[in-house]
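Residue numbering for the sequence shown follows the working numbering, starting at 1 and increasing by one per position.
Hints may contain errors.
To be verified - Below are the SDA-like pairs computed for lysine to any residue, each with C-alpha atoms no more than 25 Å apart in a straight line: (1) K214 to I94; (2) K114 to G212; (3) K114 to E168; (4) K214 to C140; (5) K31 to G167; (6) K173 to G97; (7) K62 to I34; (8) K31 to K214; (9) K62 to Q152; (10) K62 to L159; (11) K214 to G97; (12) K214 to R92.
Hint data in this document are derived by calculation from the structure and do not stem from the laboratory.
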Amino acid sequence: MLRKAFTATILLAATLFAAPTVIQAQSDDKKFEIGAQGSLLRVPARTFTTAGPTTTFNENRKNDWGFGGRFGYNFSRHIGIEAEGNFFPRDRAIDGGRKLQGLFGAKFGQRFEKGGLFLKARPGFVRFSRGEYRFSGGGCPTVFPPPIGCFQPQATTNLAFDLGGVGEVYPSKNTIIRFDAGDTMIHFRSQRQVVAVNPATGGLVVLPAAAGTKHNLQTSFGFGYRF
1 MLRKAFTATI
11 LLAATLFAAP
21 TVIQAQSDDK
31 KFEIGAQGSL
41 LRVPARTFTT
51 AGPTTTFNEN
61 RKNDWGFGGR
71 FGYNFSRHIG
81 IEAEGNFFPR
91 DRAIDGGRKL
101 QGLFGAKFGQ
111 RFEKGGLFLK
121 ARPGFVRFSR
131 GEYRFSGGGC
141 PTVFPPPIGC
151 FQPQATTNLA
161 FDLGGVGEVY
171 PSKNTIIRFD
181 AGDTMIHFRS
191 QRQVVAVNPA
201 TGGLVVLPAA
211 AGTKHNLQTS
221 FGFGYRF
């Protein structure tokens, strides 16, 4: 589903680029936008527990703060395309380390005189600096699960899709205050990408995880300039 949504949005953006004169004829309000924002991505972090022969995982959600920039073009009061990049600098092993996010897609809605409401659909990627842990070789104790010292972190780049809403306020003709909220869906491959905390020892462990798509709440607040 994530791949289909990714493809559909790319085709839509290509269509908008291919026929700009048709869309421009519908409105004289087309403007470029440039802006900056702070962003909060609520990412999963797992804890590992043992009770006798039983092993369980608890998935908690951790807030990851970041910042970035955005550039867009409004074909009319209803349709626009935009590209956005965000960087999340907190380097924690428990949720993939530092993150670099890139999104490109469209927004649809209505711009009024003093504000606007839009839906957004933007495919892209999220790069994790500690996305995967690979076994580093000998010298490790023969215990299960092996401790994190037996692995080397590797960066991974994962497909993502941002689906949500946008609210805008226009203090003046050329300025924007913008709030975003949406579901950032990230697809993970099957690999050793789960870093868990063992409360019994306080140590970090690495275990394999199946491929799948995670849903993550992401909100942003920023300012922009139209020209």
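Hints violated by the structure (numbers, ascending): 2, 4, 6, 7, 8
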